[in-house]
Structure formats: C-alpha cells, structure tokens
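All chains should be built: construct the whole structure from the sequences, respecting the hints.
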Amino acid sequence: MAAKLWNWRLWAGLGLSVGALAGYVFVVNETRAVFWPALLLFVAAAVLLVSGVQRRSREPELYRGKIAGRVLTTLSVVMLGLFGFVAYQVSRVFPDAKNAPQIGQRAPEFSLVDTNGKNFTLTQLLSNPITNSSGVARATKGVLVVFYRGYW
Amino acid sequence: MAVAISADTNDESRELSRKANLTFPLLSDRKAEVIRSFDLLVPKGGEDNRDISGIAEFLLDSSGTVRWRHFGETRAERFVDEAKKL
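Chain order of the listed sequences is C and E.
When we follow the numbering used here, the leftmost residue of the first sequence carries the number -16, and every step to the right adds one.
When we follow the numbering used here, the leftmost residue of the second sequence carries the number 253, and every step to the right adds one.
Please note: incorrect hints may appear among the correct ones.
Stated by the list, open to error - For each label pair, taking beta carbons as the anchor points, the in silico distance ranges come out as:
id	chain 1	residue 1	chain 2	residue 2	range
1	E	Asn301	C	Pro43	27 to 37 Å
2	C	Tyr71	E	Arg270	50 to 60 Å
3	E	Glu299	C	Asn99	17 to 27 Å
4	C	Val119	E	Arg282	35 to 45 Å
5	C	Val30	E	Glu325	35 to 45 Å
6	C	Gln107	E	Asn273	23 to 33 Å
7	C	Ile50	E	Pro295	44 to 54 Å
8	E	Leu274	C	Trp(-9)	53 to 63 Å
9	C	Phe18	E	Pro295	12 to 22 Å
Treat the hints as calculated values from the structure; they're not laboratory data.
We put the beta carbon where it would ideally sit given N, CA and C, even for glycine.
Okay, structure coming up:
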C-alpha cells in the first residue's frame, strides 16, 4: 500500500493558531487593534483544521491525520482559549485607548501639580532648558510622560 | 525629563515618592481630566471603585509630538533606548 499523503491543513491550522496567539501577545502593548487580525487568523485556522479533518474522514485511505487531527484541533482550541483569557485580562487592566495620541500626533496639553505643589504644564516641560549634572543648561530633547494606575 | 501622572491625590503620591525614592515629579490628576484627554481612563478600576489611569508611556519630542508609545508596563531600558533616538 502506498504511503498516505501528509494532511498539511491540520498542521497549518495549528501553526496559524500558535502564530495568532504569539502575535497578539507580542503586539498588544503597542496597539490594541491587533485583536481583530488575531481573531481572523484563528478563523482561518479553524477553517483549515475542519477541512483537514473532513478530508481525512472522507478519504481515510488517502490521507493521514486521524490522531493528528484530534490532537492538533485540541491544541488549537487551547490556543484560542488562552487568547480569550489574555484578551479579557488586557481589557480589564488597560483601557481601549482608541483615541490616545498616536505616533506622529501632538500630545494634548496638560497642567498638573506635583507633590510639592509645583505646577507643570507640557508646554513648560518642552520649552524649559534642562540642566545636566555638571550644571550646563541645554534645550530639552523631549519628555517622557508616564501614566500609572496609582499607589494602593 | 520624565513626569508620571496618576489619579492619586498629592498625599498618596508623596507617600509613593518617598517610599520608592523617586526623583521625577509625580503629577496628581485627581479628576482624571488629563487621563481622559489621553483616552486612558479605566472607570472604577481602582480601590473603592475609583476611576484610575491605565498604564501607558509616551515619549514626546521637543515639539510635543509622540515619537514612541507603549501600553502596559515596560522596562526602563526601553525608554532609554527610545529617548536616545530623539
């Protein structure tokens, strides 16, 4: 009997699931919009897995993948579950931030008071020269603005 | 130059600044107006259902334009690397 054909769709399905999860985790802190492309990859993975399993059950003489089909589908479902879990955690801890200033956009002006009662505005921070450790003043190159959840 | 913004009161920030020996200013945005204008509000995300800020970092150049940004915590070396590019 001739060797059966490799049921590549099953493996591609798992590969896409792994890629979708890894890609999402890797990029989500840069942009939250990566959720939808990742979900799309999972849909593509599901299509491949289903068609791979169907192909095997239609032509069991021709294709391999009886056990692989089950194992790889299960693994992909686990990937999808992890994706859902991470996405849920992200949505709980981080805001959507759809309208947060993008790279290339101007940050909105602010005026806030620090712990010593000193007022800081963004304009001041950008225009005041800074003094280095040897006392030489020079124009500021930029400002890092950090938002944090707070002290509790 | 770096500043850090939260919805904490000045008293809370002072406590944090002292305990963590921070050298940069902690700015208090009690009404979360600036946090809202950056679209970072997490409604009722804090203790006692307080509105708080999500974690985010923006590196602005001298014109106030965002050159790099990141959501969530990150390592300080990232800031340094990005700031060197300015």
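Going through the hints against the structure:
no.: 1; hint: E:Asn301 with C:Pro43: 27 to 37 Å; in the structure: violated (58 Å)
no.: 2; hint: C:Tyr71 with E:Arg270: 50 to 60 Å; in the structure: violated (36 Å)
no.: 3; hint: E:Glu299 with C:Asn99: 17 to 27 Å; in the structure: holds (25 Å)
no.: 4; hint: C:Val119 with E:Arg282: 35 to 45 Å; in the structure: holds (36 Å)
no.: 5; hint: C:Val30 with E:Glu325: 35 to 45 Å; in the structure: holds (36 Å)
no.: 6; hint: C:Gln107 with E:Asn273: 23 to 33 Å; in the structure: holds (25 Å)
no.: 7; hint: C:Ile50 with E:Pro295: 44 to 54 Å; in the structure: holds (48 Å)
no.: 8; hint: E:Leu274 with C:Trp(-9): 53 to 63 Å; in the structure: holds (55 Å)
no.: 9; hint: C:Phe18 with E:Pro295: 12 to 22 Å; in the structure: holds (20 Å)
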